[in-house]
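Two chains, two separate frames, one set of hints: put the complex together.
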Amino acid sequence: MIEIRFHGRGGQGAVVASKVLAVAFFHEGLYVQSFPAFGVERRGAPVMAFLRVDPEPIQLRVNIYEPDHIIVLDPTLIAAVDVTSGLKPNGWVLINSAHPPKTFQTLKGYRIATIDATSIAIRNGLGSRTNPIVNTAILGAFSKVSGLVGVDSIALSIREEVPGKKNENAKAAREAYNEVKY
Amino acid sequence: MRRVITGNQAVAYGVILSRVDVVSAYPITPQTTIVEELSELIASGRLKTRFLKVESEHSAMAALIGASTGGVRTFTATSSHGLAYMHEMLHWASGARLPIVLVNVNRAIGPPWNIWGDQSDSVSQRDTGWIQLYCENNQEVLDTILQAYLIAETVRLPVMVVLDAFVLSHTAEPVEIPSIEEADSLLPPFCPDYPIDTQEPRSYSVITTPDYFLEFRYKVQKAMEEVPEVAKKVDDEFRSRFGRSYGAIERYGKKEAELLLMTSGTVTSTSRIVIKKLMEKGLSVAGIKIKRFRPFPSEEICEVIQGAKKIAVIDRNLSAGVGGIFAQELRASLYSREERPQVFGFVSGLGGRDITPALIEEAVQYTVEHPQPEGDILWLGLKK
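Residue numbers (the numbering used here), protein chains in the order written: chain E, -17 to 164; chain P, 50 to 433.
Bear in mind the hints are in silico, worked out from the structure with no lab data behind them. Where hints are given, some of them may not hold.
[Stated by the list, open to error] Result set (DMTMM-like, lysine to aspartate or glutamate): computed pairs, CA atoms no more than 20 Å apart in a straight line:
#1 P:Lys326 / P:Glu307
#2 P:Lys326 / E:Glu38
#3 P:Lys326 / P:Glu299
#4 E:Lys90 / E:Glu48
#5 P:Lys325 / E:Asp36
#6 P:Lys325 / E:Asp64
#7 P:Lys433 / P:Asp403
#8 P:Lys326 / E:Asp36
#9 P:Lys326 / P:Glu411
#10 P:Lys304 / P:Glu349
#11 E:Lys90 / E:Asp50
#12 P:Lys281 / P:Glu387
[Stated by the list, open to error] Beta-carbon label-pair distances, calculated as ranges:
#13 P:Pro76 / E:Ala62: 28 to 34 Å
#14 P:Trp428 / E:Ile(-16): 30 to 36 Å
#15 P:Lys432 / E:Thr88: 31 to 37 Å
#16 E:Gly21 / P:Glu231: 58 to 64 Å
#17 P:Asp285 / E:Ser101: 55 to 61 Å
#18 E:Pro37 / P:Ser228: 23 to 29 Å
#19 E:Pro37 / P:Met50: 18 to 24 Å
The C-beta atom is built at its ideal place from N, Cα and C for all residues, glycine as well.
So here's chain P without its partners, still in its complex pose (with noise of 0.2 Å):
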């Protein structure tokens, strides 16, 4: 079935398709019409699903930790405040290896009190222990969920999807929405390692002395290391039953170029139109989408970028101090290589403003005219 819906909704159908047992959220701009499409839904008995009504988002992930350790698949959304809100928590999901999927809509942290997109929220949260992705449409927001539900089954971590505040939460555009025995044939019921079990009484996250600790966090990391093959995997299965597929990054634009694009989120897909238009002009250029932030997917980007001088990378959020998150990562992936192109990081969009094909040109063109950028933030549309 193809229908025109915003990206909230295509969340909500995400959820209904993937058979999760237990939502817990809090409300906020603008995450909650997803909250309000699903509510709206188990409250009328069409959606089979235990809605845990809380008193904040620290409590909906408090909530989801119990009923996943019960040994259910669950589900929360938040954005912004809410997120940072249930930082302690998200320390605690992934720590007790709980393939819980949260979306969070990218919205910036005040003050000044901002509602719009901006993706420090999440990137904020990129030590928790959560697998990241991150979407360009509302259809790539849909079948994400689906996939993030068998990823972290898979490895038993919980992944983010993150999608951008009004640009697509708000937006309404052609999604194909798979049939519930489509998404069955996907993806099979949750089978939990170690449920719980009255008639088998376990100890679950007990207090473990230094001679434990160490080991417990290696094993997360290797469940970490594991995300690049379980994920192709599922995004592999996912294209043979329904056409599309993802991958941990997308290489767009000419084959051999001197000079890389990087971005992710929406700005990727308003970047494909400047790509194409500056290849037309004769520009060696070519474009990388990040999708998959945590882990970050170092391997799969020095696979693609022989040959390149200079990547330009645009960042929406700021880890102030250092810049654009994104560029930070970047750099630290390519420092071990023989072959390291230079990074110029952008910072841009902030809090909601538009990044449009006139700034992202205007950042291609800086890139091709200085053979080294002019420090290691380079603000973009900043009003001076």
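Isolated chain E, as found in the complex (with noise of 0.2 Å):
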């Protein structure tokens, strides 16, 4: 069983992002189980999402304590938040971030890879300057760095899962793809 954990801030598409990486696991015929926190939202404040993956049905029902690997949408919330809490050692961290891996040194014993999500989304017309949506680009560099599921299952998924900018969306995924440091 692989345990991934989203941290962003309500709004960003945490949610969106685990139910989207959810579809593309199950295009590869994988179990899926994608949740959010149990809670309430507040836009801007801190929010996390859940994803399982296994060959076979998943019978577990409880909270994701010890994830395999992290995604993070807002750099801001590593000050913020323990984003590693729990997290098992050498799992993967993932940042959306424009500056190298090494600037997250902090974070010691986990493997680190960073991506400028939102200079994607904003090249590519997703959301705004001010308030861009990275989460469907931070899905492909999580491909790449993981290997655990093809780029294509995450544009497929994007299509089917992503109300609109259906193409820019998947475009971003597969950009981020190519450009994420590690």
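Written out as structure tokens, the structure is:
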């Protein structure tokens, strides 16, 4: 079983990212379970979303406490919340940031990858300059660094699950796949 | 078609495939997305169902009582305080013998304010004359709604389909969605016995004197007694068409086990992992899933507990002054038997606290180590 935790801010689309990634794995013949942090959400406040993936039907129905990998949609969250809480040793920490991975050396014991999903979103016209939609681009980067799911499956899932700008979102994911630093 | 959908979306698919004529509902977390999904489909014209907007859950059920009396298929969904607010009308729906289907997304009742999973809302409606069916995963949610209409319209009693807040309602997983043709072949159109007809006027639910009231309630009880057989037929028919079935209860794990673990809702799903692990360690243990809470499956349970010395029950609900309600019902079912296993009544996970594999294992270990429980309520995971 692979367990992934998303960190974002309310309104950034962490829950949608978890669902899109779930459907991508589903297209590759795997069982998935995608859920938000159970509770109330406020725009801008730290939020989490979760994903389980397994070749067998998933019977475990509890929160994810010790994820294998984490995906951080907003780098300012690293100073605000303990994003690596419970993260398994050697897990991937994929961060939306224009800076290289070595900037985040304080996160010891994990593999760090960075992707400038914000710039990719802006140049593809996703969201606005002040509120770019980064949740699809970052999944392309996850495909590349983790090697767990194909970028074609992610593009297919984006087309099915994202309500608008399907081509632009899929293109952003492919660009992130090529540009991720790790 | 196989899709990754949430429990609440599975509910909406169930309603669409059942060709419901009238929906009336009032939004409440965590049920809200059911109503959102259905009202969007109706507003856009893609679903030819009438949506009656109301100012409360009490009115939602009252509206459906009117619609169902009129002779059409009806649906509502609610949670927690919403269900409590419906209470008076729940009695009316069953007394009037109306086959309304209600989805309740289990949520704690405040105070203190809490929006998370807890069965106290639905189990405290156990005496309202509704059939109650609890679900373990999103597939079962969709399938149970289709089955619920068949059962309700056969015995003429309303059905409550119950799913856990968030753990199912907001969790997306793969679900096989039958086609509308497949659903139609299972579920024929609703044929009411006495629909409202202006050409043939009748009175409904008029005042009934002590000379007859007892007989009306006797008939409700007789209808409840038909449920096990009717529900089994429906489930068999469902299996023959879709290859899936659920039963009133399900026993899993070791064939002849000394210790049984009884659960309902999503706790069963996690318990399957624990039971498997403990069996591999050599423990004589099996699980019992309770799907049908009303009518309570006493006979079905007694058929599968031969040889068991102890039954551990995990209740995600509390009747203050007594304990967990499933444990209480089990004790009542066992009383008239000669062979009565010890019942260990654990209460856990109220207000949405996780019932983890470690907690479930703790309950089983306690039951293994103690000849008798140290009280009627065994608190599991309580912070002291």
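Hints, verified against the model:
1. Between the alpha carbons of P:Lys326 and P:Glu307 the distance comes to roughly 16 Å, so the proposed pair stays at or under 20 Å and holds.
2. Restraint check for P:Lys326 and E:Glu38: satisfied, since their Cα atoms lie roughly 16 Å apart, inside the 20 Å limit.
3. For a cut-off of 20 Å, the pair hint linking P:Lys326 to P:Glu299 stands: about 19 Å separates their Cα positions.
4. For the hint pairing E:Lys90 with E:Glu48, the CA-to-CA distance comes to about 16 Å; that is within 20 Å, so the pair holds.
5. The suggested pairing of P:Lys325 with E:Asp36 holds, with an alpha-carbon distance near 17 Å, which does not exceed 20 Å.
6. Straight-line distance between C-alpha atoms of P:Lys325 and E:Asp64 comes to about 34 Å, which puts the hinted pair past the 20 Å bound.
7. For a cut-off of 20 Å, the pair hint linking P:Lys433 to P:Asp403 stands: about 17 Å separates their Cα positions.
8. Taking the CA atoms of P:Lys326 and E:Asp36, the gap is near 18 Å; set against the 20 Å cutoff, the hint holds.
9. For the given pair, P:Lys326 sits about 13 Å from P:Glu411 by alpha-carbon distance, which is consistent with the 20 Å threshold.
10. Using a Cα cut-off of 20 Å, the hinted pair P:Lys304 and P:Glu349 holds, with the two alpha carbons roughly 16 Å apart.
11. With a C-alpha separation of about 15 Å, the suggested pairing of E:Lys90 with E:Asp50 holds against the 20 Å cut-off.
12. Distance restraint check for P:Lys281 and P:Glu387: the Cα-Cα separation of roughly 27 Å exceeds the 20 Å cut-off, and the hinted pair is therefore not satisfied.
13. Take P:Pro76 and E:Ala62: their Cβ atoms lie about 32 Å apart, and the range 28 to 34 Å holds.
14. Look at P:Trp428 against E:Ile(-16): about 34 Å separates their beta carbons, and that is inside 30 to 36 Å.
15. About 33 Å separates the C-beta atoms of P:Lys432 and E:Thr88, a value consistent with the hinted range of 31 to 37 Å.
16. The beta-carbon spacing between E:Gly21 and P:Glu231, approximately 37 Å, falls outside the hinted interval of 58 to 64 Å.
17. Taken as a hint, the range 55 to 61 Å holds for the pair P:Asp285 and E:Ser101, whose Cβ atoms sit roughly 59 Å apart.
18. In this structure the supplied range 23 to 29 Å holds for E:Pro37 paired with P:Ser228, their Cβ-Cβ distance being about 27 Å.
19. The beta-carbon spacing between E:Pro37 and P:Met50, approximately 22 Å, falls within the hinted interval of 18 to 24 Å.
Going through the hint list in order, the structure does not satisfy hints 6, 12 and 16.
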